[in-house]
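Residue numbers (full-length UniProt numbering): 1 to 46.
By construction, these hints were calculated from the structure, which means they are not laboratory data.
By construction, the Cβ of each residue, glycine as well, lies at the ideal position given by its N, Cα and C atoms.
Honestly, I wouldn't trust all of these hints.
In silico DSSO-like pairs for lysine-lysine, Cα to Cα no more than 30 Å straight-line [claimed, not checked]:
no.	residue 1	residue 2
1	Lys-12	Lys-25
2	Lys-26	Lys-12
3	Lys-25	Lys-40
4	Lys-26	Lys-40
Here are the simulated distance ranges between beta carbons [claimed, not checked]:
no.	residue 1	residue 2	range
5	Ala-4	Lys-25	27 to 33 Å
6	Asn-39	Ala-4	48 to 54 Å
7	Ser-3	Asn-39	47 to 53 Å
8	Thr-43	Gln-8	49 to 55 Å
9	Leu-7	Trp-31	33 to 39 Å
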Amino acid sequence: MTSATNLQIIGKMARPFEQRSNCHKKGRNFWKKWRARSNKVRTTLL
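Start from the sequences and build out the full structure, keeping to the hints where you can.
In structure tokens, the structure reads:
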């Protein structure tokens, strides 16, 4: 395998991984917001 094919394979592998990490970040932010909201709701109910 030449370095060019290695780079191509790494590029193919890296791109979906980057997309996944971005989705993961969005998901974590969503859960943080959701938890904060649910905590507010709990305090108001109590």
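A quick look at each hint next to the structure:
1. Lys-12 - Lys-25: holds (21 Å)
2. Lys-26 - Lys-12: Holds, at about 22 Å.
3. Lys-25 - Lys-40: holds (23 Å)
4. Lys-26 - Lys-40: holds (21 Å)
5. Ala-4 - Lys-25: 27 to 33 Å: holds (31 Å)
6. Asn-39 - Ala-4: 48 to 54 Å: holds (52 Å)
7. Ser-3 - Asn-39: 47 to 53 Å: 52 Å Cβ-Cβ, so the 47 to 53 Å window holds.
8. Thr-43 - Gln-8: 49 to 55 Å: Given range 49 to 55 Å: holds, Cβ gap about 54 Å.
9. Leu-7 - Trp-31: 33 to 39 Å: For Leu-7 and Trp-31 the Cβ distance comes to about 36 Å; the hint holds.
In summary, this structure violates none of the numbered hints.
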